[in-house]
Amino acid sequence: MAQKKFVVGCFDDEKVLFPAVKQVRTAGYKIQDVYTPFPVHGLDHALGMRETSLHTAGFIYGITGTTTAISCISWIFTKDWPLNIGGKPHFALPAWIPIIFELTVLFAAVGMVMTFLWLCQMAPGVKKHHFHKRATDDLFVMVIECTEKTNAEDLKALLAANGAVETDIQVAEDGWWFGTYDNDNEKLYKQVAH
Amino acid sequence: MASIKEQFEIPGKLKTWAYALMGIGGAALLYGMVTKGFSKDEHEQVHFWGTLMYNTIFWTLVTNAAMFFLCFSTMAQAAWIQSFRRIAEAISTLVPVFGAITFAVLLYVVLGHKHHIYHWLDAEAVAKDPILRGKTGFLNPTFFIIWTTLAIGLWSYFGYRMRQISREADENPMDLATATKFNIRSMTRSGFFLVWFGLTVASTIPWLWLMSIDAHWYSTMYSWYTFASSFVAGMALIALWVIYVKNKGYLELTNQEHIHDIAKFMFAFSIFWTYLWFSQYMLIWYANIPEETVYFKHRVQGPYKPIFFLNLVINFLAPLIILMKRSAKRNFTLVAFMAVLILFGHWIDFYQMVMGSLMKEHVTLGWLDFGILGFFVGLLILMVARSLASKPLIAKNHPFLKESIIHQV
Numbered sequence: 001m002a003q004k005k006f007v008v009g010c011f012d013d014e015k016v017l018f019p020a021v022k023q024v025r026t027a028g029y030k031i032q033d034v035y036t037p038f039p040v041h042g043l044d045h046a047l048g049m050r051e052t053s054l055h056t057a058g059f060i061y062g063i064t065g066t067t068t069a070i071s072c073i074s075w076i077f078t079k080d081w082p083l084n085i086g087g088k089p090h091f092a093l094p095a096w097i098p099i100i101f102e103l104t105v106l107f108a109a110v111g112m113v114m115t116f117l118w119l120c121q122m123a124p125g126v127k128k129h130h131f132h133k134r135a136t137d138d139l140f141v142m143v144i145e146c147t148e149k150t151n152a153e154d155l156k157a158l159l160a161a162n163g164a165v166e167t168d169i170q171v172a173e174d175g176w177w178f179g180t181y182d183n184d185n186e187k188l189y190k191q192v193a194h
Numbered sequence: 001m002a003s004i005k006e007q008f009e010i011p012g013k014l015k016t017w018a019y020a021l022m023g024i025g026g027a028a029l030l031y032g033m034v035t036k037g038f039s040k041d042e043h044e045q046v047h048f049w050g051t052l053m054y055n056t057i058f059w060t061l062v063t064n065a066a067m068f069f070l071c072f073s074t075m076a077q078a079a080w081i082q083s084f085r086r087i088a089e090a091i092s093t094l095v096p097v098f099g100a101i102t103f104a105v106l107l108y109v110v111l112g113h114k115h116h117i118y119h120w121l122d123a124e125a126v127a128k129d130p131i132l133r134g135k136t137g138f139l140n141p142t143f144f145i146i147w148t149t150l151a152i153g154l155w156s157y158f159g160y161r162m163r164q165i166s167r168e169a170d171e172n173p174m175d176l177a178t179a180t181k182f183n184i185r186s187m188t189r190s191g192f193f194l195v196w197f198g199l200t201v202a203s204t205i206p207w208l209w210l211m212s213i214d215a216h217w218y219s220t221m222y223s224w225y226t227f228a229s230s231f232v233a234g235m236a237l238i239a240l241w242v243i244y245v246k247n248k249g250y251l252e253l254t255n256q257e258h259i260h261d262i263a264k265f266m267f268a269f270s271i272f273w274t275y276l277w278f279s280q281y282m283l284i285w286y287a288n289i290p291e292e293t294v295y296f297k298h299r300v301q302g303p304y305k306p307i308f309f310l311n312l313v314i315n316f317l318a319p320l321i322i323l324m325k326r327s328a329k330r331n332f333t334l335v336a337f338m339a340v341l342i343l344f345g346h347w348i349d350f351y352q353m354v355m356g357s358l359m360k361e362h363v364t365l366g367w368l369d370f371g372i373l374g375f376f377v378g379l380l381i382l383m384v385a386r387s388l389a390s391k392p393l394i395a396k397n398h399p400f401l402k403e404s405i406i407h408q409v
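Here the protein sequences come in this chain order: F and P.
Read in order, the letters of the first sequence are residues 1 to 194 in our numbering.
Read in order, the letters of the second sequence are residues 1 to 409 in our numbering.
Okay, chain F solo, but in the shape it has when bound (with noise of 0.2 Å):
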């Protein structure tokens, strides 16, 4: 539970915002995220993020699920109980296949969803700082968090020059908290003066 000291600034148009992601990250400063209304082709290219790791995580998952089913499988049905099932042989590799697969799947998909809501921190309950409301709607709000060797009024100039529609200085809790906002904004979040 730490709070930070964040630049807010606004657009309202994709094609304003692009270059101004440019400008920004060309000016020296980190971006920390910029929050859009729907997924922009490109944004996350812009912004220089790394491409994710999960479908590495997810193959992994599924090569886990995979292990599982043959191991189990196999064990259960040849060394724990064998049953004659059909006159088919114990090992009957043909008939362990769908089960192989659906725990392929399975692992795989409730795992990578696992992931995902752990990388993006979220859970039932788990509330995190909005730093503008319209972010939901039409607006594309780019935050970027400051150091101290930040100026910035510097930086809300510099947004505001490229186009931003709305500009503020925000210090708010940078994680998560378990509650509600209503009662916890007070606390947690508090508007500079302009």
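Take the hints with a grain of salt, since some may be wrong.
As the list claims (entries may be wrong) - Residues from chain P that keep clear of chain F, each with C-beta distances beyond 12 Å, as calculated:
(1) Lys246
(2) Leu283
(3) Met324
Said to hold, decoys possible - 30 Å max Cα-Cα, derived DSSO-like pairs, lysine-lysine:
(4) F/Lys22 to P/Lys402
(5) F/Lys15 to P/Lys248
(6) F/Lys128 to F/Lys149
(7) P/Lys396 to F/Lys15
(8) P/Lys396 to F/Lys88
(9) F/Lys4 to F/Lys128
To be verified - Pulled from the structure, derived: some chain P residues nowhere near chain F, Cβ distances all over 12 Å:
(10) Phe138
(11) Tyr157
(12) Asn183
(13) Ser279
(14) Phe337
(15) Val409
These are calculated hints, taken from the structure and not from any lab test.
For every residue, glycine included, the Cβ atom is placed at its ideal position computed from N, Cα and C.
Based on these hints, arrange chain P on the given structure of chain F.
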């Protein structure tokens, strides 16, 4: 878009290759026809006509899959295909050509009373056989010929109509009203093709042409299996041509985003093919009823065992492992390599589907197969290249073209 090269010129080397393949393949085909096709030995006859049959059917269905791809994309209003749609159109112009050859071969087999290929042609055996008697309403020469004619004829006709409407996008820019009308007309035309495709390729045609070789045996998976096989090979063929034409300096508007999506189709439908392969196999393996296992006996335990499992390795394991990564699907060289592998794999699949039933005692894969394959590949290269050269490479006033240019995966 002034810098776009619209006119494809056939490279001399490609022509040389096509003629060389057609020459060598044609020689093998003729030699095979004289020594085997018209020989007195019925075994030799079955070898030749069976080999010719699976090749013609394979290439007809594969080229037809290109038109299927265009039609379902049109139906889904998919914009990304527009920058390379002329490639798929050019491949689909082969349907009447390969279709005519298939028709001639099948006509010869049916009217020539080759009951060693189609057992149901043998009227005496059918009269004594209650199972075949029950199938005579479907498996009889008259219905076979009528349905084959209709199938090939209507694929060609509906495909021709689709290509014609695409040409309208060459001329003048469309305003909104014209574009909307154009879109609805395209969708209507693709609808005709899709319905007919469902009634033929996805159901009746594989039953008639291929499954009836094992006249007693049937599988409800068979048509879907054949369709999946030909469709994934069709996507591979489109990928190969797109990459080839792009490497020659054309198709400036097609880039790795489009290749990525084509490779996704190759990947996904390889898995889909395996799903059907396995479903067909497992149900029969599990039930273990002799009249059903007869199809797999000599394939899984007999001489066709290596080919049967090679089929699974090439068509399932290789695409699964190699095409899984995003970067692999965006790599032109790798996609081209996988396209060749998948085409070869499904050709082998058709080989074992037909010859595995006709030549149960030994695997016949040899000079005749590769000769005929060479002939068809040569013909395909030549005709597709000619078709590409005969019209602009890009439908430049297609209402969806812009979406295709900015396509991003």
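Original post:
Tell me, which hint numbers fail for this structure?
Top reply: The structure conflicts with hints 2, 3, 5, 8, 13, 15, although it agrees with all the remaining ones.
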